[in-house]
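Participant: Counted from 1, the sequence shown has number 118 at position 118 by the UniProt record's numbering; the numbering is strictly sequential.
Wrong hints could be hidden among the right ones.
Between beta-carbon pairs, the in silico distance windows are [what the hints assert, rightly or not]:
#1 S77 to P275: 23 to 29 Å
#2 S77 to T169: 44 to 50 Å
#3 S215 to L22: 47 to 53 Å
#4 L378 to L71: 51 to 57 Å
#5 Q384 to P275: 35 to 41 Å
#6 P354 to R182: 29 to 35 Å
#7 I344 to Y59: 19 to 25 Å
#8 Q76 to W165: 18 to 24 Å
#9 Q384 to W165: 24 to 30 Å
#10 P275 to R182: 25 to 31 Å
#11 E151 to P281: 28 to 34 Å
#12 K374 to L289: 24 to 30 Å
#13 K33 to L329: 51 to 57 Å
#14 E151 to I58: 28 to 34 Å
Hint data in this document are derived by calculation from the structure and do not stem from the laboratory. All residues carry an ideal CB built from backbone N, CA and C; glycine is no exception.
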Amino acid sequence: MPNSLLLLIPGLPFLAALWIVLGFIFGWNRGEKGERETALVAVTANTLSLLAMVALAIYDFTHGAPGHVMLFPWLQSGDYQASVSLMLDTLSLSFGVVMATITLVVTRFSVNYLHREPGFQRFFIVMSLFSCAMLLIVLSGSALLGFIGWEMAGISSYMLIAYAWQRETAAEGATRAFVTNRFGDTGYLFGMFIGFSWLGNVEWNVLFGEKPDMSGIVVGLMSMGFMLAALVKSAQFPFSAWITRALEGPTPSSAVFYGSIMVHAGIYLLLRLEPLLEESPLLGNVLILLGILTVLYGWLGVQVQTDIKSSLIFSTQQQTGLMLIEIGLGFYTFAAFHMGLHAIWRAYQFLHSPSFLQQTEWEPAKPAPAWLRKRRWLYTAALQRFWLVPLENWLLVRPTQALAHEVQTLDSRVIDRLTGTPSHSNMLSTLAEMQDFQQGKLRLESGIGTGSGLLGKLMQWVAERFEWLEDRLLLQKGGGKLGRYLQQLGEYLDLVEELLTQPRYLILLIAATLAVIL
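Take these sequences, add in the hints, and give me the full structure.
Facilitator: Laid out in structure tokens, this is it:
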């Protein structure tokens, strides 16, 4: 296969998503009549990607893996370089075949499962984007290209958790998963920042090669950044709480995201980082410790669950915790086999769970074991999921909400006034009113009369500009609005100074500085 055609492996699902989007926009595949075409496009794209992955895996078995394949340069600025490249080795090709197979099976399963659902096309758009994202993660030859897939997978996850966006629990679960995973992304960005700063690029073969200019501490910090991203993505302890809130999407999305594929993306990244982890033995010990805690968390959590999907998620966390221990001990090949087999088995269990409930006639779950109920403190901790949700709220959710509230306050009290936007009493209060306003059916109340004809419209526009000038800029008695604005400006500057002392803003400033340098 020519190197340029290798990009079609992740590109075909992306093109499928684009085709479905265009069909929905222009109306040729909307509603039930468009289900057949939507399903055909999505299934065909995933089938072709799978066949290409199988062909590459056979070539690996017969001739050896190509390894790092450079396709073409992407960006270059001074000593910094970014290229589009693929890593075609045994690890990527074997897990790529497993992943593409599961994605195809789940996509085909979803055709009947979501028949006549209002969001049928939306589901397959996101599923196709997710397939593209995971193929980029698995096949990427650089951390930068992998990060693109990493973010696409996160966005796809968010959209499918909130598939039933009318439900508050679905929207809340999607937001919680999105915020928590963005925290892990800072580690990924930090790892890339060190790679660019010391080596000029973040190609995997460069990061894994000789690094004479980098000390062991710097290599350890870079590895730790990538490791943080992997731990959050795979919901390892103490970042385990978000994944149980992410089960609000349809069962096929739960199967492909949190049962079989995306939950293993972090494990795959750690396997890819094997050369870096070998240079930092201390990180291996950290992985062992966190793996043990994750196994205990999953094992105790599954004892008190009353629904099948939550039980499967806690069981998944047990298994990924074991993989973390295996990686920490240096059993990378064993962990890779464990990852592939577990992904297949867990996908089957998730897809089979609705039928299983019918076969068991919705039999209630067994009560918690007697030995656990006797230990009230441990039983309570398992029920409360070791209070990771309140901890997550304190560290991530509440600071994010506070930031959003303060940005909204800044927008309404400063930006709106400076730009002359009407006050909240005149603002549009409902989505229907907003749509009417955008379509020209609704006009905000104003003290200016409505002009008619070309001259009348022109005079109305001039009058509105003079009204804006009079109300907001001209001096009036009592100091006028300009004087009050100057006083308010001083108050806002004091508020900004106070806010900048908060930890969340210091972190934002540090992240912004790193982004500018990068």
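Participant: For every hint, state whether the structure bears it out.
Facilitator: Right, here's what the structure says about each hint:
| no. | hint | in the structure |
| --- | --- | --- |
| 1 | S77 to P275: 23 to 29 Å | 27 Å, holds |
| 2 | S77 to T169: 44 to 50 Å | 45 Å, holds |
| 3 | S215 to L22: 47 to 53 Å | 51 Å, holds |
| 4 | L378 to L71: 51 to 57 Å | 53 Å, holds |
| 5 | Q384 to P275: 35 to 41 Å | 40 Å, holds |
| 6 | P354 to R182: 29 to 35 Å | 32 Å, holds |
| 7 | I344 to Y59: 19 to 25 Å | 23 Å, holds |
| 8 | Q76 to W165: 18 to 24 Å | 42 Å, violated |
| 9 | Q384 to W165: 24 to 30 Å | 28 Å, holds |
| 10 | P275 to R182: 25 to 31 Å | 27 Å, holds |
| 11 | E151 to P281: 28 to 34 Å | 31 Å, holds |
| 12 | K374 to L289: 24 to 30 Å | 28 Å, holds |
| 13 | K33 to L329: 51 to 57 Å | 55 Å, holds |
| 14 | E151 to I58: 28 to 34 Å | 31 Å, holds |
In this structure, only the earlier hint numbered 8 is contradicted, and the remaining ones agree with it.
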